[in-house]
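Two chains, each in its own frame: build the complex with the hints.
Here is what each chain is made of, one letter per residue.
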Amino acid sequence: MCGIVGLFLKDQSLAPKLGTMLTDMLITMTDRGPDSAGIAIYGDGTSKAAKLTVQSANPDRDFSGLAEDLGQALATSVTQSVNDTHCVLHLPADQFEAARAVLSEIRPSIRIMSRGETLEIYKEVGLPKEVATRFNLSSMSGTHGIGHTRMATESAVTTMGAHPFNTGSDQCLVHNGSLSNHNSLRRKLRREGVTIQTQNDTEVGAAYLTWKMMNGADLGEALKSSLDDLDGFFTFVVGTKDGFGVVRDPIACKPAVMAETDQYVAFGSEYRALVNLPGIEQARVWEPEPATVYFWSHNNSPTTHERAA
Amino acid sequence: MQTYDLEANGLSGLNSTLQSQNTETNQTSWEVVNPKGSHAIAVGLDAPIEVTVKGSTGYYCAGMNQQATIRVEGSVGPGVAENMMSGEVIVDGDASQYAGATGHGGLLVIKGNASSRCGISMKGIDIVVHGNIGHMSAFMAQAGNLVVCGDAGDALGDSLYEARLFVRGTVQSLGADCVEKEMRPEHLEVLKDLLDRAGCDAKPEEFRRYGSARQLYNFDVDNTAAY
Chain A
1 MCGIVGLFLK
11 DQSLAPKLGT
21 MLTDMLITMT
31 DRGPDSAGIA
41 IYGDGTSKAA
51 KLTVQSANPD
61 RDFSGLAEDL
71 GQALATSVTQ
81 SVNDTHCVLH
91 LPADQFEAAR
101 AVLSEIRPSI
111 RIMSRGETLE
121 IYKEVGLPKE
131 VATRFNLSSM
141 SGTHGIGHTR
151 MATESAVTTM
161 GAHPFNTGSD
171 QCLVHNGSLS
181 NHNSLRRKLR
191 REGVTIQTQN
201 DTEVGAAYLT
211 WKMMNGADLG
221 EALKSSLDDL
231 DGFFTFVVGT
241 KDGFGVVRDP
251 IACKPAVMAE
261 TDQYVAFGSE
271 YRALVNLPGI
281 EQARVWEPEP
291 ATVYFWSHNN
301 SPTTHERAA
Chain B
310 MQTYDLEANG
320 LSGLNSTLQS
330 QNTETNQTSW
340 EVVNPKGSHA
350 IAVGLDAPIE
360 VTVKGSTGYY
370 CAGMNQQATI
380 RVEGSVGPGV
390 AENMMSGEVI
400 VDGDASQYAG
410 ATGHGGLLVI
420 KGNASSRCGI
430 SMKGIDIVVH
440 GNIGHMSAFM
450 AQAGNLVVCG
460 DAGDALGDSL
470 YEARLFVRGT
480 VQSLGADCVE
490 KEMRPEHLEV
500 LKDLLDRAGC
510 DAKPEEFRRY
520 GSARQLYNFD
530 VDNTAAY
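Note that the protein sequences, when read in sequence, are chains A and B.
Read in order, the letters of the first sequence correspond to residues 1 to 309 in this note's numbering.
Read in order, the letters of the second sequence correspond to residues 310 to 536 in this note's numbering.
What the hints contain is simulated information worked out from the structure, not anything from laboratory work.
Please note that the accuracy of each hint is not assured.
Here are the simulated DSS-like cross-link-like pairs (lysine-lysine), alpha carbons at most 27 Å apart as the crow flies [as the list claims (entries may be wrong)]: (1) B/K345 - A/K17; (2) A/K10 - B/K345; (3) A/K254 - A/K224; (4) A/K129 - B/K345.
Incomplete in silico selection of chain A near chain B, CB under 7 Å [unchecked claim]: (5) E270; (6) R272; (7) E287.
Positions of the beta carbon are idealized from the N, C-alpha and C atoms, including for glycine.
Chain B on its own, in the form it takes in the complex (with noise of 0.2 Å):
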């Protein structure tokens, strides 16, 4: 186990260091303290290291994550797991805004609740959030699974493209082009093993799926005026 004091020597060291480890390293166990709401925490790793936060974060942590686990025994800021490819990102608490956006793969798990636009243009992320998410979740999502084993705010999905929605609890309201769907073999199969990964024990019969109504795809005539 490595441990790096984050106010004693700083993010710039902190994040070079864990970025230069490869794939043969054997330096595989990290652990980052005194991270005091600082941001850009273990972000761009590329190599299966597993990073833990000891303490809440602030913007962008874990960010553009390759093949590390990093879990943070805390709260993040914004942005957590922001465009991540690959690997796994646990937060033992709260997410802000924006968790997970834009991500092409890869795990996160939020154990407590994530704010507003959770999986935000997400394309190919898979998310599990215990809690709840706020509004504007899922909006322009492409691809990958967000399931949500609480409530879900305001404009759920809205102008969906493909991305799977699994809500336990009650969704506010459905954004544009955002419907519900009929919950198949398939997509119980696939909620099963996000639980499982997540570590939460809901029951996927529990859960009700929601996509893409894929009307806003193609121009429709009828729709002229509005241009």
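Only chain A is shown next, with the shape it has when bound in the complex (with noise of 0.2 Å):
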């Protein structure tokens, strides 16, 4: 089944809620995914260094000196903050690839969740409300974040298993719905190049979009070509660091409910998850049409939003 939930906020004055909305949001979807929940949140940008998000089944061991070490090994600067299970470095850019190769040496069994100037992903196995309170979600501002509940289908009930999934810098990927053609598709874009970590059926939907964004294509072209290379059924709920992006098969029985008002665009699996946002009897409520590509961005003028497809 899964829920998904999603904030994108036109209204900055609202950033500092954004954690705390998301959060209800999140907990309300709980009957719809018990097994795991995760969070996308995309936050301040204005430091230098850009974030990667890391977790550890055994943080206290593999947190402890890991920016000094890697800082080390990669001759600069690497600070980190430590929250539960995950920790987030913050190192320069470019050296994210170099960062993963001496992650793999150092500290092996750690995992990497994402990457990204402003995006942080949080995940772990059990209810919405427990994975909540471990990170203190709640707490967190920023200026849009995407919420998964996991009833698992195609995979382990693990935390690699739960979403979001990091597909390339500031980009993340939920997924209701189960894709058919995963394991053909997986081989061919490890033959890419493109890493792929699971056997779970949506990282292979994130890996095709970063594929498709590798080879020159934009998230709104990448998205309108999933509609035609991937079989199966999805609501998609895309992250970059400047939007969020929805779409549907053809199909489209996986249920989505959007809401729009001056302040925020959201999106909910169900309206319940959409009730307590404010305005929301005066927002506008539309259910997202099958096979169409939506996208909000802060880049663009605040109102409008593209369809591409």
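Below you can see the structure in the form of structure tokens.
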């Protein structure tokens, strides 16, 4: 089943409340996904360093002196902030790939959750409420964010199988549905040099978008071509540094509701997830059309939304 | 007027209270406040009572309804009035997918738009949508009337049996075995009655009628190769 929530702020005075609003939405979707939960949050990008969010099952051991060890190996300045099983490493953006290689040497049990200038991903196995509490998600602020509650179908209930999936710098994807051609697509993408870490179908969807964008497509084009190349059921919500997008497969049996006011654009698998948002009674509420790409960006005028397909 | 606060008193209490009303009840008028998108509101009713839901609902609102009149002052999630037997369900806003699915009787009125699979496998229910409907609507519809004042999406009436479909706007495409049919006086009469009851001022003459070509009813030996 799975539940998806998303919140894109037009009115940045709400930014300090983003975590609170998104956490409330996420917990409402517990019935749709009690196995694991995750959140991708786009925070402030004012610092010059970029962020590499990593996870460890043994944070005390793995995170102790991590920034120092990594900085020494990369010969650059690295700082860290630990949040439960996750740790955000601040380092120069051009060092991501080198850092990934070094980490696999110096801390082999560390898993990479996300990389980007503003994106941080927090996800763990457990009820959404427990996951939200352990990371103190409600205290987080940001410009936009996406959350997911998982009811597993295609792969094991693990941290790595939880959503959101990081698809490239500052990009992430969450998914409700199931892809049926993910095995053949995974083989193809790996031959093309795309890193895929799990047996999860959604990660293949994420990697597919990354691959398309590596080859010159913008996000709208990548989403549009996913309608031709991905077989199965899906409602996708994707995040980028500047905004978020929504696309549903042509059958559109996986639910989706959107709401828009002057202050925000919100996504929920069900209307229930949106009921406590400010001004929801006056919001424009609608169901996104099948096989149609929607995208909202902080770079566009705040009231427009683009329908690329 | 009885008022029930769904947020304060819970769903089971609402449905058991409404389901326990019988034809002799003098509590004929009910109001449900704070629905907040909850699922399965006012399901399985079997008494001539009026229920007004003050806000939007989630899945399966007014399912399996008999006799009752249920109005939703908001939008509804998937499966509104699923398997309705009789009575009336009026939605002031939009309806999500499979509105009125498998309904045997009664009238479902949607004042806004309905999304995909509206009236799927309908078996005698009448559905009037003031706005548009999505793809695969009236799939395998067996009996009843589906009236659409706006446009219909792809594959309308795929594998249709004997339900009648009336569309005022455009039809994106017809499904397998669904064809346009002649609008005869008896159809205009049925349509006029449904539009009146649904509070819609559209004129019956503005609609086109679609129905089954009945080519899928029997095995055709020319199709042997497909099996």
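Right, here's what the structure says about each hint:
1. B/K345 - A/K17: Status holds; Cα separation ~21 Å.
2. A/K10 - B/K345: 24 Å, holds
3. A/K254 - A/K224: At roughly 18 Å apart (the allowed maximum being 27 Å), A/K224 and A/K254 satisfy the hint.
4. A/K129 - B/K345: Holds. A/K129 to B/K345 sits at ~20 Å (cutoff 27 Å).
5. E270: 5 Å, holds
6. R272: 4 Å, holds
7. E287: 5 Å, holds
In summary, this structure violates none of the numbered hints.
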